[in-house]
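Chains as they are written, first to last, in this note's numbering: chain W, 5 to 155; chain D, 5 to 155; chain S, 5 to 155.
Just so you know, the hints here were simulated from the structure itself, not pulled from any lab data. Warning: the hint list may mix true and false statements.
[Unchecked claim] Using C-beta positions, here's what the derived DEER-type ranges look like:
# : chain 1 : residue 1 : chain 2 : residue 2 : range
1 : D       : Gln12     : S       : Gly126    : 50 to 56 angstroms
2 : D       : Asn36     : W       : Glu13     : 35 to 41 angstroms
3 : W       : Gly86     : S       : Leu9      : 37 to 43 angstroms
4 : S       : Leu85     : D       : Gln123    : 27 to 33 angstroms
[Said to hold, decoys possible] Covered stretches of chain S, going by a simulated chain D footprint (3 or more residues, C-beta under 8 angstroms):
# : region
5 : 58 to 68
6 : 112 to 120
7 : 140 to 149
[Unchecked claim] Pulled a few chain S residues facing chain W out of the computed Cβ check, cut under 8 angstroms:
#  : residue
8  : Gly86
9  : Arg90
10 : Asn108
11 : Ala128
12 : Gly131
13 : Ser134
14 : Val136
Virtual Cβ for every residue (Gly too), placed ideally from N, Cα, C.
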Amino acid sequence: MDVLLRLQELGLELPKVPPIVGIYKPVKQVGNLLYVSGQGPTVDGIPVITGKIGAERTIAEGQEAARICTLNSLSILQDFLGDLNRIKSVVKTLGFVASAPHFNYQPKVIDGASHLLVQIFGEAGQGARSAVGVSELPFNISVEIEFLIEI
Amino acid sequence: MDVLLRLQELGLELPKVPPIVGIYKPVKQVGNLLYVSGQGPTVDGIPVITGKIGAERTIAEGQEAARICTLNSLSILQDFLGDLNRIKSVVKTLGFVASAPHFNYQPKVIDGASHLLVQIFGEAGQGARSAVGVSELPFNISVEIEFLIEI
Amino acid sequence: MDVLLRLQELGLELPKVPPIVGIYKPVKQVGNLLYVSGQGPTVDGIPVITGKIGAERTIAEGQEAARICTLNSLSILQDFLGDLNRIKSVVKTLGFVASAPHFNYQPKVIDGASHLLVQIFGEAGQGARSAVGVSELPFNISVEIEFLIEI
C-alpha cells in the first residue's frame with residue numbers, strides 16, 4: 005500500500021523537513037542502506053516535547069515524542085528518496101530517552117516510534133532496536149532516535 | 005571448531021531465548037549482516053543483575069552482566085540462524101553501562117562480553133567496539149549491549 | 005587532494021596510533037565499510053581533555069576534544085588502510101558528550117569533529133550523525149566518538 009495514503013488513513017501528515025542543526029547530512033546512503041541522523045520531537049526545528057521522562061514528562065508524552073521523531077525522519081526520507089514507497093524495511097532503531105533518576109521504561113517510550121512504523125509499513129517496519137536512558141539530550145528534547153533504513 | 009561444543013568446553017550453555025519486551029525483532033538481517041537488538045542481563049526475561057556499576061554493583065558483577073548479555077544474544081542468533089557456526093565474525097559491539105557518578109571503567113565492564121566472544125570465536129570474535137556510561141537502563145539492568153554480526 | 009597534504013595545509017599532523025584499552029579491534033572491515041571503535045581525546049593513550057562539558061569544560065574545549073577524537077580515528081585508519089586517500093566518505097558519526105546537568109549543546113560539541121572532517125574531505129566528510137549527552141565516559145574523557153567510514 006502507498007505510504008502517503010497509509011499516513012492519511014492514520015490521520016497523519018508528514019511535517020516539514022526539520023532544519024539542520026550542525027554539520028551533518030540528514031540522510032547518508034551506502035548501497036541499499038540509508039543512515040538517518042538522530043531526530044528529536046521538533047516542529048519546524050523548535051523542540052515541542054522537552055524535559056526528562058519520569059519527572060517533567062510522562063511515558064505517554066515520551067511516546068508522543070518518539071512518534072514525532074519518527075515523522076520527522078520519514079519527512080527527511082521523503083525529501084531524500086522522493087517516494088517513501090522505496091523503503092523496503094526498517095533495519096535498526098537506536099532510541100535515547102532523557103531519563104529522570106530511576107526511570108526505567110525506555111522500551112515503552114520507544115515503542116511510540118516502533119508502533120507507528122508497524123502501522124505504516126507492517127512487519128517490514130519492525131527491525132532490531134536498542135533503547136537506553138541518557139542524562140541530557142540536545143536542546144533538552146525528551147527523546148532522540150536514529151534509524152537505519154533498507155531500500 | 006563447533007560453537008556449541010566450544011560453549012560446552014567452556015562450561016557454558018545457551019540460555020532460553022529472551023522474551024521480547026517491546027515492538028522490535030530480536031535480529032534483523034540485511035545481506036550478510038545481522039543487527040541484534042540490545043540485550044540485558046536477564047534470565048527468562050527477568051533481570052538478574054541490576055543497579056549502577058560503581059555503587060550497587062562491582063566491576064566483576066558488571067562483567068558477569070556483560071557475559072549474560074552476550075549469551076542471550078547468542079541464544080537469539082542460534083534461534084535465528086539454526087546454526088551458530090554460520091557466524092563469520094563479530095563486527096561491532098556497542099555497550100551501555102549503567103554508571104554511578106564518577107565510575108569510569110566502562111571498557112573493563114564490556115570486556116566481560118568481548119572476552120567471552122574471543123574464547124568462543126577466536127580472533128573473529130573481536131570487532132570494533134564502543135563503551136559508554138549511561139544514567140538509566142531499561143528495568144534497571146546494569147548493562148545493555150547490541151551486537152552487529154557478519155555471517 | 006591528498007589527505008596527508010591537506011592535513012599539513014591545515015597545520016595538523018596525525019597523532020600516534022592510540023593504544024588499545026580493552027578487547028576489541030580499532031577498525032573492523034566488512035565489505036567497503038570500516039567500523040571504527042569509539043575514540044576519546046587522548047594523546048599516547050593518556051586522556052588530555054576530561055570532565056563534564058557545561059561544568060568543568062567549556063563548549064570550545066569540548067570541540068577540541070572532538071577534534072582529537074577525530075584525529076585519533078584518522079590515525080587508526082591510516083594504520084589500517086596504509087593510505088587515507090582510500091576513504092570515500094564518512095557515513096555516520098555517533099558522538100557521546102559527557103554532559104553536566106542541563107548542558108544541552110551536544111551538537112555544537114560534535115561539530116568540532118564534523119568541521120574538521122569537512123575541512124579534510126570536503127562534502128564527502130559529511131555523513132549522518134547523532135549526538136547525545138551521557139553521564140560518564142571511560143577514564144572521565146569529555147567526548148567519545150565512533151565513526152563509520154566508506155572506502
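Comparing the hints with the structure gives:
1. Gln12/D - Gly126/S: 50 to 56 angstroms: 53 angstroms, holds
2. Asn36/D - Glu13/W: 35 to 41 angstroms: 36 angstroms, holds
3. Gly86/W - Leu9/S: 37 to 43 angstroms: 38 angstroms, holds
4. Leu85/S - Gln123/D: 27 to 33 angstroms: 30 angstroms, holds
5. 58 to 68: violated (count 0)
6. 112 to 120: Violated: only 0 residues of the region 112 to 120 of chain S have a Cβ under 8 angstroms from chain D.
7. 140 to 149: Since 6 is at least three, the answer is holds.
8. Gly86: For Gly86/S, the interface hint is violated, since the closest Cβ of chain W sits about 22 angstroms away, which is over 8 angstroms.
9. Arg90: Check failed: Cβ of Arg90/S comes no nearer than 15 angstroms to chain W, outside 8 angstroms.
10. Asn108: Holds: closest Cβ of chain W sits about 5 angstroms from Asn108/S, inside 8 angstroms.
11. Ala128: Given a least distance of 10 angstroms, the restraint on Ala128/S is violated.
12. Gly131: Holds - the Cβ of Gly131/S comes within 8 angstroms of chain W, reaching about 4 angstroms at its closest.
13. Ser134: Holds, because the Cβ-Cβ distance from Ser134/S to chain W comes to roughly 3 angstroms (cut-off 8 angstroms).
14. Val136: 5 angstroms, holds
Hints 5, 6, 8, 9, 11 from the earlier list are contradicted by this structure; the remaining hints agree with it.
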